[in-house]
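S.K.: So the chains spell out like this:
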Amino acid sequence: MQYIFFALITGSTLALAAVGFALVRQTEGFLNIAHGQFMLLGAFVAHTLATTYGLNLGLAIAITVPLIGLIGLATAWIVFFPLRDKGLLAQFFSSVGVAFIVYGIVSALWSGRAIKVFPMTADFSVAMPGFSATAIELGIVIGAWLAVLSLHLFLAHTRVGTSIRAISGNAELARARGINVRLAVGSVWFVGTALAGLSGILIGLIGGVSIELGWHYILIILAVAVLGGLRTLYGVLIGGLLVGAVIELSTLVVPSKYGVLIAFGLIVVTLLLKPEGIVSVSKRKEASA
Amino acid sequence: MSGNLVFLAGLVTLAMIYATYTMILNFEAGWGGLWDLGPAGLIAVGAYTFAIFTAPQEGIVFAPQQSLVVGWLASIIVTAAVAYIIGKPALRLRGEYFLITTFAFSVMAIELITTESWLTAGAGGFRTITRPFDSYIGSREYNFLLCGLSIVTAFVVYLLLRRLGHSPFGRALRATRENEAAATSVGRNIPEMRLKAFVFAGALFGATAPLYIFYVRSLYPHMFGATLTFTLWTAMVIGGIGNLKGAFIGALLLIGATEATQFLQVSVEYANILAAARPILIGVALLVVIRFRPHGLFPETLAFKHPRSRALASRAQEQRTVAE
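One line per chain: the protein sequences are E and P, in this order.
So that you can map any letter, position 130 of the first sequence is 130 in the working numbering, and since no number is skipped, the others follow by simple counting.
So that you can map any letter, position 296 of the second sequence is 1296 in the working numbering, and since no number is skipped, the others follow by simple counting.
This is chain E alone, in the form it adopts within the complex (with noise of 0.2 Å):
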């Protein structure tokens, strides 16, 4: 029971970062390495907010992940969308720059490699026999899935939602019909930039935030996105549960140091059985130019 506790933990975190990462993957076609740096950059932004400027936690979180969102639009504009015809290759290894530099900011402005651990009170815990719950941990929980359900109610419900569907559809069809295309992927990028900066936060709550926090979470993200199908976003909130499953649960069976290597061959098992993985020639094509 406790153990599926921290499993759902776990998952719900990883699907959360997941999330953020397969929208954008959907809408611009490119896996986003940066991903995982704006996850780091979110949580050291939230802890110095809660220390240095000691702010009320949820505060620190309200201020945090709009403003990660912000910085990920920024960033889209800068550097991503001039490079819409450049190809996929162009606009990946440009989000590898990307996570670099973001990288070389936050260590330079955060010195040192210490764990930054969150200033936090659990105020009450739920404790029944064989199970205990903190505040916290239900609250990480709790504000992931809201999270997730309230993505769900924008792209489902709101115009922009709509349209972010139609684009990750047939974005050529999309533009012809009229969609406002700017827009749309304007607020893929701060949606899904600000999941990340959330999902950061919630992962240094359990366990810190050390600054390789981004490179680590960005392979564990691939995992998700690859289980969950690349094409789907409803499939990445099962792949985070998935693997949070399989990264907690194998501790039980076999030592916790081989969690990490049994996701990766989670990926590379589904990858090579999943005829999906397979693109087509033409595919291929679109891939390669």
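These are computed hints drawn from the structure, not numbers from a lab.
Where hints are given, some of them may not hold.
[What the hints assert, rightly or not] Partner residues aside, some chain E positions facing chain P, computed with beta carbon under 7 Å: (1) L222; (2) V226; (3) L261; (4) I267.
Ideal Cβ positions, reconstructed from N, Cα and C, are used throughout, including at glycine.
Assemble chain P onto chain E, guided by the hints.
M.R.: Frame of chain E, contents of chain P only:
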């Protein structure tokens, strides 16, 4: 003054090592079109095989302390074998799926090296590396020997790959990248060619991996993180994907620029910022080159000098631009 000379020798050594890896990457990724994000993993396999066979490490089950030649051959064979094991299933995948798979294999290799400390000394790593001629010359002079060795290695790899690039195999390899259907229609066995290229690149990574640990003089799993792979790709993108000379020069420029930051003398409080300058520099270089010179400093079309092939290549380039 002589301290600076030693530093310079070290800088050249590192740059040559990176240039060698970038050229190998150019062979499989630039010419072969295989988006391999796993070089770091293969280099790690080569380096660890060499260290396990040769280093006087205690506390691991298998430390035969063989001669360096045996270690070198083992490193080539094992790395090529690992490349075969990865390549055989993964090459069925295309584009970014191949990229994710090789990346995943690379991460798994590093994870395995970290966890399986009975064989690899784990996170503690190898602190002594057996190096050739180490007992004959002083450690200061050794820097120059290593520098010479790395230059020779880089040029041997360059000549080898240039020869291969102009050979029928190299031309066919580029053809498979440009147009898979056309290459198949003239009777090329594409899966087999790709596997050959991938395994050959693996063998080269294995053959050159020991040089890297001669330079670092120790061996830890974290030396082979994602940063290594991305640095190689950055060097190749800067130089021009598909241009061997470009890969070479791109690596020299990138390593020269990032390591030169070590020359600057700054006070302690700025040391952190300086350390952070390295990833920022790599990132900015990558963004600027992709944005303003998408084919790199030395585009591939310049690489193949034969007038007719050059005309064909530039036409292909035009068509590609139009298609985009």
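S.K.: Each hint: holds or not?
M.R.: We went through each hint and held it up to the structure:
1. L222: Holds - the Cβ of L222/E comes within 7 Å of chain P, reaching about 6 Å at its closest.
2. V226: holds (6 Å)
3. L261: holds (5 Å)
4. I267: holds (5 Å)
In summary, this structure violates none of the numbered hints.
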